[in-house]
Amino acid sequence: MQKVFDNTQIGPMVWKMRVEVPRMVARAKAGQFVILRVNENGERVPMSIAGLDKENGLLTIIYQVVGKTSALMTTVPDGGEISDCVGPLGLPSHVDNWGTAVLVGGGIGIAPIYPIAQAYKEAGNKLHTIIGARSKDLLFYEDEHKAVADELHICTDDGSVGHHGFVSDILKQLLDSGEKIGMIMAIGPVIMMKVVANLTRSYEVPTWVSLNPLMIDGTGMCGGCRVSIGDETKFACVDGPDFDGHKVDFDLLTSRLGAYKEQERVAMKRFLENPGCKLAKAVETFKYPNEVK
Amino acid sequence: MTEQMPKKERMKIPRQTMPEQEPDVRNHNFKEVPLGLTEEQAVLEANRCIECKKAPCIPGCPVEVDIPGFIRLVMDRDYAAAARKIKETNSLPAVCGRVCPQEEQCEIVCTLHKKFKPVAIGYLERFVSDWERENNLVVLPEIAPPTGRKVACVGSGPAGLTVAGDLVKLGHAVTIFEALHKPGGVLVYGIPEFRLPKHIVQAECDFLAEMGVEFQNSTVVGKMDTIDELFEMGYDAVFIGTGAGLPNFMGIPGENLIGIYSANEYLTRSNLMRAYDFPNNDTPIIIGKNVAVLGGGNTAMDAVRTSLRLGADNAYIVYRRSEAEMPARAEEIHHAMDEGVQFHMLTTPIEFIGDDDNKVKAMECLRMDLGEPDASGRRRPVPIEGSNFIMEVDLVVVAIGNSSNPLIPQTTPGLDTNKWGNITVNDDTMLTSRKGVYAGGDIVTGGATVILAAGAGKKAARAIHKYLMEEVEK
Ligand SMILES: Cc1cc2nc3c(=O)[nH]c(=O)nc-3n(C[C@H](O)[C@H](O)[C@H](O)COP(=O)(O)OP(=O)(O)OC[C@H]3O[C@@H](n4cnc5c(N)ncnc54)[C@H](O)[C@@H]3O)c2cc1C
Ligand SMILES: Cc1cc2nc3c(=O)[nH]c(=O)nc-3n(C[C@H](O)[C@H](O)[C@H](O)COP(=O)(O)OP(=O)(O)OC[C@H]3O[C@@H](n4cnc5c(N)ncnc54)[C@H](O)[C@@H]3O)c2cc1C
Ligand code: SF4
Ligand code: SF4
Ligand code: FES
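Those sequence lines, one after another, are chains V and A. Residues in the first sequence are numbered from 1 upward in steps of one, following our numbering. Residues in the second sequence are numbered from 1 upward in steps of one, following our numbering.
Simulated from the structure, these hints should not be mistaken for laboratory data.
Label pairs and their calculated CB-CB ranges:
1) V:Gly-230 / A:Met-233: 37 to 43 angstroms
2) A:Ser-403 / V:Gly-230: 18 to 24 angstroms
3) V:Gly-230 / A:Lys-114: 55 to 61 angstroms
4) A:Glu-470 / V:Gly-230: 48 to 54 angstroms
5) V:Asp-53 / A:Asn-426: 43 to 49 angstroms
6) A:Asp-338 / V:Pro-92: 50 to 56 angstroms
7) V:Asp-53 / A:Asp-357: 38 to 44 angstroms
8) V:Pro-92 / A:Arg-379: 46 to 52 angstroms
9) V:Lys-269 / A:Gly-234: 49 to 55 angstroms
10) A:Ser-376 / V:Pro-12: 58 to 64 angstroms
11) V:Lys-3 / A:Asn-426: 42 to 48 angstroms
12) A:Asn-29 / V:Glu-262: 22 to 28 angstroms
13) A:Glu-22 / V:Asn-198: 55 to 61 angstroms
14) V:Asn-198 / A:Asn-29: 46 to 52 angstroms
Don't be surprised by glycine CBs; every beta carbon is placed ideally from N, CA and C.
Full structure from sequences and hints, please.
Structure (structure tokens):
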């Protein structure tokens, strides 16, 4: 049982939660993740490390409500408990001084790039951080990122704030600006990581992405998290989650993420019909993206 | 003592058959298949034992259970005492009575085997330990006064549980570190409920907890603390029982399509995560209509029988050798056949074919012939050229074995492994190349059996105790 604090909504479908796991927090590094279970019948869900408060032993995760388990997570009260939280899992992100580095965070990916930004900065890099979301109210962590990045670039698909367009537009401008970029790391929706990797390939700048396949154990035991990297099969939970973006088969990842679409709908429908505990308004009216018309 | 039947009479008693759920009932539920002997059956069966002086059955058991000794107590109807007798050398009788390959261990060497059927040692072992548990006759053993020494067990499979139980009895403080959220190793995540009810494993773990073993679940050693850090934290010795938990794949095209699982994933979803009870439990599992399970071991039988219970119309075993070479227990093969599993022997897939959604819809296979014996002594399967054919499947479970997980060796300098990545140990003491670090079970042998893992745990516990008392200053 792990204690949960400050479980608060920070965007239309985005929540922030802090979990008391002092021993893990003492060891965890940027780029790693945890797997948690809300209750006894719960699924094991992977969540990236979005912040480590070593003093108080608190782990921050930022999560988006996309289905049953993430919806259920919103109901854990302040001071309440979740069944378990295992980690730190996966390999930490590779950190070095490359001179200038660019971090790209899209959507929920804005969260896990924050501790990586801190680590890159500590290693002495000049840091450009690009964060993007569909619209202004879906952005978060601007202040945190502003405090760490040498330059923070914001973009929204609808132009409600910052650059009107995609993170890849800004990245292209940076690549074309002539500034020598030693490393790019992108975390976000699969499609965004794919676009970024395709863009940087011709510039021959090393580009890392953090992959999020479905997982169970997170220890290399089940092979459910397999991804294809340069035609080699890897287990994202132990060999990753970070991989060379130029080698990733993103289409395979996308299709594998959809393996349980039907069951996920059944679970969510059942959950919403019988919440049994107080759900936030936003969650009560949850719709899958393709149901929003 | 009850009256003893005359020997002649005893010889006439037939081997008792264990009542089972009917095949066409049980293949739709996850309840245990064999129901256990009745008390009268157990006593009858015990009376079949002729109590051989030399008791060849004893060395047939990897941990040398005093078989005639416990069977005598069954004849005397003192079942709890019989269970305690077994526990002198086997810490997990309720588990072993169910899953040991008795037919090739203790029972194959039973004197009666030559002329009659062997004494049903496994059935009796199960009977007495179930009796003890169900009637609340399990008594805590005497625990030696605290020695002040601390031991860490990494992994909570049969090897780790055995080490923990033996050492806690001797007064050492024992902590089990388990990566998953529940202890038991393969006993909880791999072997299905219909062969080994999870409450039995839980009862064994609860019992250890009562004796004072501390369980730290959801703790991955090597990620959270390394072995060296465990020593820094004050542990005086470490036992590594992390199992063989890295699934092998075929390495053929299309293997990452949706609908292709490793047996570990398929069984973990169904057992540990209880996906068979979706959506009451949140973890989903793909329900196949035409399911192919690749392999011929216990794991393959468990997966294929699980698929039937989840609703498959056709459940196939696809195995590249013939039935004679299948490593699964005979009993499990028969159970699978009775339940309607279809066996495709001498067949191997060479490619998986997907549909537009990247879901597996078929596999291309080759037929095989048996050639000369290979290193394992079994005849090597050789593909028959041009025998390619297509098999329509919508779910494939790859059950071709596991390798060892490299996490601990990678994070423990000086820990020697062999070319398969198994930790190398001294056979007598289970000591690794690192002082104070012992290992046993599948991580040492590669995928083996519950009783061998438990036996390795026994050996290691003896050596660890000696080490703690003689070499660790307090
Ligand atoms: C290493 C790793 C780190 C992650 N970090 C975060 C994080 O910091 N914050 C966060 O909100 N989410 C993160 N995820 C994704 C998160 O685990 C899933 O969103 C969650 O499991 C969904 O559970 P659910 O029951 O709410 O939704 P489900 O009903 O299971 O899924 C709903 C929809 O979400 C998609 N989905 C399911 N699982 C994933 C997944 N693993 N990745 C992407 N999409 C998925 C499905 O395709 C489906 O369409 C991470 C995943 C991994 C593997
Ligand atoms: C499906 C299946 C069916 C089987 N059927 C039979 C049968 O009928 N009869 C039989 O005798 N045998 C059977 N076996 C084999 C038997 O289960 C194994 O030989 C036995 O469980 C090995 O025990 P172990 O203690 O070595 O490891 P395991 O049971 O594998 O347990 C190892 C444990 O260590 C944990 N672990 C791993 N790494 C770490 C880490 N870094 N930190 C913390 N914890 C860690 C794992 O999560 C796991 O819980 C079967 C195996 C399978 C897979
Ligand atoms: S532990 Fe296994 S091999 Fe030994 S007596 Fe019991 S059933 Fe037979
Ligand atoms: S060999 Fe068979 S008959 Fe003889 S003691 Fe053992 S179980 Fe009894
Ligand atoms: S999640 Fe099971 S191997 Fe990666």
